[in-house]
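Undergrad: Given chain A, put chain B in place with the hints provided.
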Amino acid sequence: MTKAFRPDVDAPEWKGGYSPYDIVKEGIIAVVIVSILTVLLSVAFGSPDDPSITIKAWSTNAPMDFATTALSELNATSGTAGYGAPYNNASTGQQLGPLTLAKWVGDRIPVNTVNDFIIDPLKSLPKQPALTADLSQWSSASGSARAGWVKNYSQAANKMQIVSGQLVVNATNAGPLPVMMADLFQMARTGALDQALVTQNGFYTSDYTLPLLFLADGTYLSNIAQKQHLTGDQWGMMNETGNYPGQAWLWLYTFWYQVTPMNSSGNGDILVWGIMMVLSAGLLLTPFIPGLRSIPRKTRVYRLIWREHYRSLP
Amino acid sequence: MSTTEIDRQWTTRLRKRVAGKLPPEKLLPDTQPTYVSSWIYVFGVTTLAALGVVIATGCLLAIRGPQWWHTSSVGHFINSTHLWSVEIFFFAMVIHLWGKYFMAAWRGGRALTWMTGVVTFLTSIATAFTGYVSQSNFDSQWISTQAKDGINSTGAGAFWNVLNSGQMLMWHIVLLPLAAVVLTVLHVLLVRVKGVVPPFEKSTEVAQ
Numbered sequence: 001m002t003k004a005f006r007p008d009v010d011a012p013e014w015k016g017g018y019s020p021y022d023i024v025k026e027g028i029i030a031v032v033i034v035s036i037l038t039v040l041l042s043v044a045f046g047s048p049d050d051p052s053i054t055i056k057a058w059s060t061n062a063p064m065d066f067a068t069t070a071l072s073e074l075n076a077t078s079g080t081a082g083y084g085a086p087y088n089n090a091s092t093g094q095q096l097g098p099l100t101l102a103k104w105v106g107d108r109i110p111v112n113t114v115n116d117f118i119i120d121p122l123k124s125l126p127k128q129p130a131l132t133a134d135l136s137q138w139s140s141a142s143g144s145a146r147a148g149w150v151k152n153y154s155q156a157a158n159k160m161q162i163v164s165g166q167l168v169v170n171a172t173n174a175g176p177l178p179v180m181m182a183d184l185f186q187m188a189r190t191g192a193l194d195q196a197l198v199t200q201n202g203f204y205t206s207d208y209t210l211p212l213l214f215l216a217d218g219t220y221l222s223n224i225a226q227k228q229h230l231t232g233d234q235w236g237m238m239n240e241t242g243n244y245p246g247q248a249w250l251w252l253y254t255f256w257y258q259v260t261p262m263n264s265s266g267n268g269d270i271l272v273w274g275i276m277m278v279l280s281a282g283l284l285l286t287p288f289i290p291g292l293r294s295i296p297r298k299t300r301v302y303r304l305i306w307r308e309h310y311r312s313l314p
Numbered sequence: 001m002s003t004t005e006i007d008r009q010w011t012t013r014l015r016k017r018v019a020g021k022l023p024p025e026k027l028l029p030d031t032q033p034t035y036v037s038s039w040i041y042v043f044g045v046t047t048l049a050a051l052g053v054v055i056a057t058g059c060l061l062a063i064r065g066p067q068w069w070h071t072s073s074v075g076h077f078i079n080s081t082h083l084w085s086v087e088i089f090f091f092a093m094v095i096h097l098w099g100k101y102f103m104a105a106w107r108g109g110r111a112l113t114w115m116t117g118v119v120t121f122l123t124s125i126a127t128a129f130t131g132y133v134s135q136s137n138f139d140s141q142w143i144s145t146q147a148k149d150g151i152n153s154t155g156a157g158a159f160w161n162v163l164n165s166g167q168m169l170m171w172h173i174v175l176l177p178l179a180a181v182v183l184t185v186l187h188v189l190l191v192r193v194k195g196v197v198p199p200f201e202k203s204t205e206v207a208q
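If you're matching them up, the sequences are chains A and B in order.
For reference, each letter of the first sequence is one residue, going 1 to 314 in our numbering.
For reference, each letter of the second sequence is one residue, going 1 to 208 in our numbering.
Isolated chain A, as found in the complex (with noise of 0.2 Å):
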């Protein structure tokens, strides 16, 4: 018994005629021909390059908005202290349903955010007998003490000011934190907070973690952004600094990110690498696919590429 013939699944016998085909020379020519293309859109479009963001241009243009994150990383209300996995335990993270993948992943990449941000780097700081002995003030303290001087400090920094260039919160009771909290400022605005960041694994580095979720959980790196065209609202996903065509083959990704819900669920992101994933599969496994596989023969688009082949047909 033979077995009957699928139409999207198997493919005929050809009996037809065939033709020339150089295909050294084709190949040849299609290097030469996209080597030149590339030239010419190279010298006529050229590529952007933006300087990166430093902590001290952010400290510097945008002081208030640098010393609120700092604040914010103090006292764990920051995006990276409430963060979850990888980083930490503090929230479940987002979810698939039942799925809490990155939890269960757990924190592989441990981020704590006073010692990360703000107490390792002020350690690196050449001796001053104040920050010294606050800084010693702070390691010795109770939990409970540090809580109750982040506290009134958080109060107090409702009002904080810039004046002369020098962070100012007139807290009370609040240990050690105005100085420190001062120092960091300083720190930042002369560079070195950028460096201590990178280098607290050492002198070689090429890690920025710590560096990149810090900027992140300000507002001057995204307002910078938002002028670029390049946030999530915005197709940002796959635009780039500048008018280039950016990542545009992200497009059906950066797609669900501007559909509800997961342009509003706390839990868009996973929803969106969900959806990618099965169609994906779906692409992937075509062929297998009854219906999808399909689609082809009933549209009969085949018809506009092989039309030379069925003109020439009795």
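One or more hints might be untrue.
Here are the simulated lysine to aspartate or glutamate pairs, EDC-like style, with alpha carbons at most 20 Å apart [stated by the list, open to error]:
1) K202(B) x D10(A)
2) K16(B) x E5(B)
3) K127(A) x D116(A)
4) K202(B) x E308(A)
5) K26(B) x E26(A)
6) K194(B) x D22(A)
Hints were generated in silico from the structure; no laboratory data involved.
TA: For chain B alone, coordinates are given in the frame of chain A:
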């Protein structure tokens, strides 16, 4: 050594298998079926050519290290050629993919050819993404800090840290290009083994 013994060698078996599946006239054909006459076929070879240019320009960028292109006009130009060859690569690849979809190019035992093409496409997206986050400029700061949330939400961020520029650069210049090239070679070899998918027969056009 007997002939039987030689025939049983792994090397002999492999050579015979490769030669049987992919004889020289299939690997480097000098004719093709007459139905292979459409502009859509140009985009497959254009994708391959662009991949070659992407790799070549990337290698030029690698010579002087990752910071060179920020400070040198020559470096910046090379970076531009890398960027635009990537844009051409994806443009050609996407058209190639849609073309193959509407030809139902998986027919006739070509499902693996289709699948290696799709995986190559996805691998290329990851390769390009790691390039964007390895630029060491504002763009890479913004893209990495935004992308981390998506990748972290899957749990993968714990191992594949987009904020770790060194890790991303290594993936961009070694691991992912290697995967993309191996997959591309496999894809092309499968195309040569199986040949280009023939058109639908007229009688099957409306078959259910």
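Undergrad: Please go over all the hints and tell whether each is borne out by the structure.
TA: Outcome of the hint check:
For the suggested pair K202(B) and D10(A), the alpha carbons sit about 14 Å apart, so the restraint of at most 20 Å is met. Between K16(B) and E5(B), the direct Cα distance comes to roughly 15 Å. Compliance with the 20 Å bound is thereby established for this hinted pair. Annotation: proposed proximity of K127(A) to D116(A) holds, straight-line Cα distance about 19 Å (limit 20 Å). With a C-alpha separation of about 14 Å, the suggested pairing of K202(B) with E308(A) holds against the 20 Å cut-off.
Restraint check for K26(B) and E26(A): the C-alpha separation of about 16 Å stays at or below 20 Å, so the hint holds. Between K194(B) and D22(A), the direct Cα distance comes to roughly 18 Å. Compliance with the 20 Å bound is thereby established for this hinted pair.
Comparing the model with each numbered hint stated earlier shows that all of them hold.
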